[in-house]
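So you can see what is in the structure, the chains are spelled out below.
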Amino acid sequence: MIRYLHQLGSAPRFYSFSTSLLPWLSAACIVLLLAGLYGGLVMAPTDYQQGDSYRIIYIHVPSAWMSLFIYMVMAAAGVVGLVWHIKLAEIISISSAPIGAAFAFLALVTGSLWGKPMWGAWWVWDARLTSELLLLFLYLGVIALYGAIEDKRNASRAAAILALVGVVNIPIIHYSVEWWNTLHQGPTVTKFDAPSIHVSMLVPLLLMALAFKLYYAIAVLLRARCELLVRERNSAWAAELVTERVKGKS
Amino acid sequence: MNQTSLSNAFYQLFRRDLLLAFRHRAEAANPPLFFVLVITLFALGLGAESQLLKSMAPGVIWVAALLAAVLSLDSIFRSDFEDGSLEQFLITEHPLAILVLSKVAAHWLITGVPLLLVAPLLGVLLGLPSGAMATLMITLALGTPVLSLIGAIAVALTVGLRRGGVILSLLVLPLYVPVLIFATSAVETSTAGIPVVGQLSMLAAFLAGAITLAPPAVAAALRVSMN
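Heads up: the protein sequence lines correspond to chains A and B, in order.
Going by the working numbering, the first sequence opens with residue 18, and the numbers climb by one from there.
Going by the working numbering, the second sequence opens with residue 138, and the numbers climb by one from there.
It is possible that part of the hints are untrue.
To give an idea of the chain B side of the interface with chain A (calculated C-beta under 10 Å), a few residues [what the hints assert, rightly or not]:
(1) R300
(2) L312
(3) I318
(4) F319
(5) I331
(6) V334
(7) L337
(8) M339
(9) F343
(10) G346
(11) A357
The hints are simulated quantities; they were obtained by calculation from the structure and are not laboratory data.
No experiment lies behind these values; they were computed from the predicted model shown.
Just so you know, even glycine gets a beta-carbon here, dropped at the ideal spot from N, CA and C.
Could you build the full structure based on these sequences and the hints that come with them?
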């Protein structure tokens, strides 16, 4: 198993492996996305209080989950890169940052659109919104730091350290902001007793969450492949790959 | 090669930084001056209504302290980076994290403590009740070292960059949020005469956490930056 993972860590192996993986991931993602959207927008009943406007939950909540999940992936891959100097882990880590930032932004925008009819304001300084905003800033910090350092291997190490510092801080930030001010509705899905959301609403939500996860996997693979080619542009396998492509086209 | 003990190295580095700061006395006046100026600008921008100023005082003073701390951060490693002594710290036989702690302590003494000293003056300017003044001092005493310690990580990451200034504040300000929240809440509650032990304990916990966790992170970041 470890040997298998180790081989996967080599650049050409990863490249060909991801080439064969991508179509499957894309197909699964589209199916789940369509099922989740149909279930969420058509099948799920109208909420007795919020009417149809609650349906934005099918974008809002998975985005918010993904923004946190991707930060964890970014930090974990960063640790692997820092400790074992695996080039691929560094690339995965830094390729995750813009995707995570996009999800955080999406969660904020959909939250704002949802907040207008529900709370009567585009933006309130509510705890969860604020910590999501701070999460976005943490992402932007990582991206900015990576962009500012010329040598890309050093840059990804520095970004990984920053992501790690962020991981230690995220719970502290989250709970201090929570303690500071809260208006947001409590968690409705992850309570340990029966979730306070009806099954017909929950199933599409989970489908959407899965679809978002797959979308992230696709996006991170595409970004990582691109970054990998850029970094390995002087190596034999990359040159071979490019000549093959060119031959195939002509 | 004569060996120095770790505690001696810590002390010598600390002394050297204080001495350097003493030779550049004029620079040490800048952070507190900036602190006072920001408060003055707030008063001018918000109007002279004393009730409004009083209610905003804790937040305004703390935000100004935060900004002053961020502006002074860059000097922790800048001159050492430029004259090459930072590389010497990296190759000594002493653990880098301890040396970093010594440098941050000296930096706090030079830039953090002056903020502490001018804070009562600013409290008076904004009409903070005298009961809250002691709390303000305690929160600054507990909070500014945390700012220096967390800031040192970001400085270590950006020290090799020519224009690190804006990035530095982007990296560091989100991490300062918990300190800001608990400190301002402590000052606000003590204005109402309610005990604030809870908030102060949280700040003390942040300080303990930062002293233990930040120096290794700074050391790792320095090794990446000097690579």
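Query - Numbers of the earlier hints that this structure fails to satisfy, in rising order - result: Going through the list in order, the structure violates hints 5, 6 and 7 and respects the others.
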